[in-house]
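Engineer: First to last, the protein sequences are chains A and B. Per the working numbering, residue 47 is the first one in the first sequence, and the count goes up by one each step. Per the working numbering, residue 118 is the first one in the second sequence, and the count goes up by one each step.
Please note that a few of the clues may not be correct.
[What the hints assert, rightly or not] In the DSSO-like style, the derived pairs of lysine-lysine whose C-alpha atoms are separated by at most 30 Å in a straight line are:
#1 A/Lys-378 x B/Lys-150
#2 B/Lys-235 x A/Lys-380
#3 A/Lys-339 x A/Lys-349
#4 B/Lys-178 x B/Lys-150
#5 A/Lys-593 x B/Lys-178
Hints in this document: simulated from the structure, not taken from any laboratory.
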Amino acid sequence: MKKEIMQGNAAIARGAWEAGVKVAAAYPGTPSSEILKDIADNYPEIYAEWSPNEMVAMQVASGAALAGARSMVSMKHVGMNVAADSFMTLSYTGIKGGMVIIVADDPNVHSSQNEQDSRNWARFGKAPMLEPADAQECKDFVKIAFDISEKFDTPIFVRTETRVAHADSPVSLEDRKESKIALGLDPKEAAKYVMVPANVRVRRKVVEEKMKKLEEYAETFKYNVVEMNDTSVGVIASSAAYLYTKEVFPEWSYLKLGMVWPLPKKMIADFAKKVKKLVIVEELDPFFETEIKAMGIKIWHGKDVIPNMYELSPEIVEAALKGKKYKAPKVKVKPEDLPRRPPNLCAGCSHRPLFYALKKLGAFVFGDIGCYTLAFAPPLQALHTTICMGSGGGMAHGAMKALGKEGLGKVCAVLGDSTFLHSGLSPLMNTVYNKGNSTTIVLDNRITGMTGHQEHPGSGFTVRQEPTNMVDYAEIGKALGVKSIRNIDPYNMKETTEVLKEEMAKDEPSLILCKDSPCMLLRRAKPLERFKNPVYAINTDNCRGCKMCLEINCPAISWREGAGQTKDGHKRKGTVYINPDQCVGCEVCVQICKYDAIEPGKK
Amino acid sequence: MKDNGKVTNIFLSGVGGQGTILASNILAEIFLKAGYDVKKAEVHGMAQRGGDVTTHFRFGKKVYSSLIKYGDVDFLLSFEELEALRYINWVKPEGKILINKQEIFPPAVSLGNMAYPKDTEKTFKKYFKNNIWMIDGQGIAKKLGNAQAANVVLVGAFSNFFPTFKDEQWLDAIKGLLAPKLHDLNIKAFFAGKKAM
Numbered sequence: 047m048k049k050e051i052m053q054g055n056a057a058i059a060r061g062a063w064e065a066g067v068k069v070a071a072a073y074p075g076t077p078s079s080e081i082l083k084d085i086a087d088n089y090p091e092i093y094a095e096w097s098p099n100e101m102v103a104m105q106v107a108s109g110a111a112l113a114g115a116r117s118m119v120s121m122k123h124v125g126m127n128v129a130a131d132s133f134m135t136l137s138y139t140g141i142k143g144g145m146v147i148i149v150a151d152d153p154n155v156h157s158s159q160n161e162q163d164s165r166n167w168a169r170f171g172k173a174p175m176l177e178p179a180d181a182q183e184c185k186d187f188v189k190i191a192f193d194i195s196e197k198f199d200t201p202i203f204v205r206t207e208t209r210v211a212h213a214d215s216p217v218s219l220e221d222r223k224e225s226k227i228a229l230g231l232d233p234k235e236a237a238k239y240v241m242v243p244a245n246v247r248v249r250r251k252v253v254e255e256k257m258k259k260l261e262e263y264a265e266t267f268k269y270n271v272v273e274m275n276d277t278s279v280g281v282i283a284s285s286a287a288y289l290y291t292k293e294v295f296p297e298w299s300y301l302k303l304g305m306v307w308p309l310p311k312k313m314i315a316d317f318a319k320k321v322k323k324l325v326i327v328e329e330l331d332p333f334f335e336t337e338i339k340a341m342g343i344k345i346w347h348g349k350d351v352i353p354n355m356y357e358l359s360p361e362i363v364e365a366a367l368k369g370k371k372y373k374a375p376k377v378k379v380k381p382e383d384l385p386r387r388p389p390n391l392c393a394g395c396s397h398r399p400l401f402y403a404l405k406k407l408g409a410f411v412f413g414d415i416g417c418y419t420l421a422f423a424p425p426l427q428a429l430h431t432t433i434c435m436g437s438g439g440g441m442a443h444g445a446m447k448a449l450g451k452e453g454l455g456k457v458c459a460v461l462g463d464s465t466f467l468h469s470g471l472s473p474l475m476n477t478v479y480n481k482g483n484s485t486t487i488v489l490d491n492r493i494t495g496m497t498g499h500q501e502h503p504g505s506g507f508t509v510r511q512e513p514t515n516m517v518d519y520a521e522i523g524k525a526l527g528v529k530s531i532r533n534i535d536p537y538n539m540k541e542t543t544e545v546l547k548e549e550m551a552k553d554e555p556s557l558i559l560c561k562d563s564p565c566m567l568l569r570r571a572k573p574l575e576r577f578k579n580p581v582y583a584i585n586t587d588n589c590r591g592c593k594m595c596l597e598i599n600c601p602a603i604s605w606r607e608g609a610g611q612t613k614d615g616h617k618r619k620g621t622v623y624i625n626p627d628q629c630v631g632c633e634v635c636v637q638i639c640k641y642d643a644i645e646p647g648k649k
Numbered sequence: 118m119k120d121n122g123k124v125t126n127i128f129l130s131g132v133g134g135q136g137t138i139l140a141s142n143i144l145a146e147i148f149l150k151a152g153y154d155v156k157k158a159e160v161h162g163m164a165q166r167g168g169d170v171t172t173h174f175r176f177g178k179k180v181y182s183s184l185i186k187y188g189d190v191d192f193l194l195s196f197e198e199l200e201a202l203r204y205i206n207w208v209k210p211e212g213k214i215l216i217n218k219q220e221i222f223p224p225a226v227s228l229g230n231m232a233y234p235k236d237t238e239k240t241f242k243k244y245f246k247n248n249i250w251m252i253d254g255q256g257i258a259k260k261l262g263n264a265q266a267a268n269v270v271l272v273g274a275f276s277n278f279f280p281t282f283k284d285e286q287w288l289d290a291i292k293g294l295l296a297p298k299l300h301d302l303n304i305k306a307f308f309a310g311k312k313a314m
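Chain B extracted, bound-state conformation (with noise of 0.2 Å):
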């Protein structure tokens, strides 16, 4: 595991009704039980209409602000393309990038005033070389069953960057926020999402 005394950002993003907070609160409970000190922040409310919506993670021994500073981001974990390319600038220049390969068009896309952005993994190649990595989350899911298990395919791709954490772990966190109905398709995700980066 990472150096005690640092704390390590993960920056998520995407939009409204993609599982961004089930995504992060997975994350909280892994490293809470790990017993790090975590804090994460989000916005409620009207974003959740389909605006985009963040989150700031940080882990570490002592974890002061809950937001991450502009520009210190470890781990950027992106639910959409166009919502990982908004927070490039956020990044570390050795920080590491998952995406989702999904296009979501906002509302200027839509109305055919502006187009949406291209070559959204050649940007992110061009300043982090191979430091980032894309998968079809709602494509995997979609083969499992059920599209709205994306969230927990990218947790899964997301678990290879901590290699130190058990499968047991990650799967206890899961099965803890999601209703038993719910734990077959999720434990499929994570271990499609694991396999898939």
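Chain A with its partners taken away, still in its complex shape (with noise of 0.2 Å):
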């Protein structure tokens, strides 16, 4: 058998693909990203969607199951909020064609906004989930859990987290086995799928027997393994959690939960019973410490030493394991001393203009997901909430409805494209019909940003590359209803405050689309040739050494002290210096310079 060394992701990819899967949809979120995006590029015989959002991405596999395909979706954890009103029902109506909801967590958020933990779906939404531990796993998982789908008439998870979905190990490559369940649509099954009262009252049945039969099930599961060691302490885990575990306790005893609900009651039991004392290591949640202890099992340790919160490694759980008697690493250099290096927009990015611009009006920025949330940080400190996907739209609303004509000129929401794709027109549409008077800003930057470039329906492209519709913002604004749709050009700072200033002063809904802008990353959008010049450079016979260019945050721009006088004989304690091998010519700095010091450089 072919051995390749893979990611978690494409894992499940290839998984999902030697399963026989024909349809697969997503929407980006980091640790889930690659999965789609795997797809597309490597299984033809798999039809791949970018969706606008995940709830749409399950209902687009959802759809394909019921008529009979095996279909994939897969998101992070914090999609399945947006997916969940899609999700909570497919329990009780069932599929037809295998059905696999893969939900990545992201424990110690990498890149999320929060930490909640995906197992929880699993409990509240009546359906398994399974949980891989490594690549191979990863695939797997995602193929047994097609059976298991098909077998129970289920939706299932597939659960993973960062240190799965981006952790690289080797992986059997099998081929692909096309499903025998029959295409087609059958009329004369809306009973099972028309979820009115009395069709629910009857499937609400359905559903308890079936997660019975499932906890039968999982007693015999093949991937709930138990390897008996030492006796003195036995250990319940699953996922990286196990593998931390095994790592710095190799001796001791341990039952692994590949499938982490419905748990297997009578292994856990009997497990308990054959160690001495038992230890439950789970990251995030006590989920099975909260099931084992309603057993009336006796555990020694769990949550009263594991941490709750972040992510575990091995040396976090020897220490927690080991209390007093661990033994850290000495400390040769205190990481706290040392110059933190948190991400930044990228120099050039069309977002720091605008940030700054905003900065200087003093504006209120309701925030949302995207790179454009690191504005937040020192020195730009231009955004100032981020909740969720679409968020900021309703909430500036709300503020302006609180602060009444005293917030008029002080507030406003900002939005990525994929973002207000995503969930941003109900906002919006809702401020116009209720008689709100926010601006909102679209920062259209023509692709998925910060999760690594993913098209979009603005971006003109489907998952494959291949040219499709693309979404015009400003008819989406005139058809909700919006009277005040201005485009603005980011790198006009002038231009850009002024635009910003008269819609956020006016009594009435406004759109502001930012224009031209696309993403510095973005090779097909060819984002350097709109600059004039290729690099800039810093004059030092005029450079005051005022640092006004060091507040937009560039990573191409660096203070370099020593006192000195500019050539007219103006004292400075330094100067700034721009990185050729970073400036790309944005000419934003070029605008905040008061004293013509910044010119056109050489490469």
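Hints are included, so try docking the two chains, each in its own frame, into the full complex.
Structural biologist: Right, here's the structure in full:
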């Protein structure tokens, strides 16, 4: 069998292909984004799409499943919040072709707005959930998930997390097997799928029966594995938490859960009896612990020592379980003494001048999820909320209703193009309908930026790079009833500032669209061609060291200490330096400099 | 090669955009083909935007955790000096360290609020004696015609720690991961790096 080193997400894509999946849908979100891209790039037998949001992706997958196809939907943990309404009734209706929901958690919030534990969805939504630990298991679990889904007529979760989704390990490759279920829709099955109360009550019972059968199945599920060793301590764990614990305590006995819902209660009780002391090691919530304690089983250690927040690691597990006996390595340099290196907007990014203008206007900016969230960081500090996809528009409207006319000129909402299409339309519609007056700014950079360039309905391309319809944001605004729609070129800072000032002061809803401002990393949009000069440099004859240009936090610009004076005799403590390897010539700093100290330079 | 029962831990650190992921992919190919179990963990997403990036790379007969235990690093391969210092506590007392001589200023330094740490080499020498090497990966790559090949220059230097592998094995891995038009440059980069240490 051929073995390849694969990322967990690539192994999930491979598993879907080998399982005979026909339809895959997703909305990008770290750490899940690579799954759909990998499918689109490598497996032409699967129809793949970026849906505008996770709820639509969930609907696409469930529709395909209802038509008999094996289907998969993938998203990050918070994507399930958006998809939940479409999901919660699916366990009642069941599916026909197998349907797998991949949900990727982000313990330690490497790139998210919260740390919710997706295992709760399985219990809440009454659906089974598997949890792989490495890439091989990612592939194997996705395949067996389809069998379980069809056997029990249920959608099924496969939950990953950053250290599974973004960890690479060897995977054995197998061939694709087509599903045996015939494609087709049958109107006679409507009672199973029309969830009106009379039908719901029938299906409600089916759900409970299904979960009971799944609980029995869990007892024999081949990826719930007991490893008996030294019986003084027995560990119950799943996924990466199992690997970390096994790494530091290889001598103990283990019950590794591959299926985390429903739990194999008999197997757990049996394992607990065989070991002297029981330990439960799990990341985030005390999910197993609550269930196992409810079974009346005594545990030695669980969340009393294992942290219930951030991610675990071998040393965290070791320190938690060894207590005072744990010896930490010697600290040679205190990390807190070193300058941090947070992510930053790229040199030349069109978000930078826009946020600088908003800062100068003293606006309170209701933000959203995307690269532009980075504008919250010092020294820019020009974004003041980030809650969830699409939240800024609704919140700005609410704030304006609370503030009344006092708020005019001081408040706006910003969101990206992909975010606007994901869930920004309804808030804008609401602002118009309810006679609001807030300003919504769409930072259109022609792509889903932060997650690594995924197409969306406004980018003009499908996931497989086929040209397609491009949403016209101004037409949407018009159709929703916005009368004041303005285009701005964020790189023209004077004009941008004027438009922002005018629109925020208006006692009516406005929509501002950033035009011709593609992402700096989006090669096909040729973002650098719009700049007159490829690079700028400091004229030290003129630089007074006023540090104004440092306020935009451009990665190309840095401070150079050193007392001196300008050519015309102004004393200074240092000058600014522009790194020619990083500068792209966006001219934002040129517009800020009051002393003509920034001039075209040479690459 | 190392004792079969033991897992070897390689920690890579750098700044988003420096090509640490390609370097770790080359390592993964080499050790997988040599018959080892391999695990590698890195964070994608937000960290790509100029933030610090790390890769945990482990190989051995059987590897469980993808994350290296704090303090258990056998080899630290850093693409940037500050990002080497940030992980100095992770390295075992007998660990070996290879650092790219490059300073990339983080915002606090660019703004003049903090100083860029001085004497990276001295600090490492204090604790690791002669087990630290520093090479000018970017300078070497620039001379070859493209600063972007600095990551493969570093891989070339790093290959000296594993003398049982033949050059062809490294080159096969590099060629397998890069587009054909980049092969010549990166083969040169590999050998230049190997010689630089």
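Engineer: A separate judgement is required for each hint: does it hold in the structure or not?
Structural biologist: Quick rundown of the hints versus the structure:
1. With a C-alpha separation of about 36 Å, the suggested pairing of A/Lys-378 with B/Lys-150 is violated against the 30 Å cut-off.
2. Distance check on the hinted pair: B/Lys-235 and A/Lys-380 sit about 15 Å apart at the alpha-carbon level, within 30 Å; holds.
3. Of the pairs offered as hints, the one joining A/Lys-339 and A/Lys-349 holds, with about 12 Å between alpha carbons and a cut-off of 30 Å not exceeded.
4. For the suggested pair B/Lys-178 and B/Lys-150, the alpha carbons sit about 13 Å apart, so the restraint of at most 30 Å is met.
5. A distance of roughly 55 Å separates the Cα atoms of A/Lys-593 and B/Lys-178; the hinted pair therefore is violated under the 30 Å criterion.
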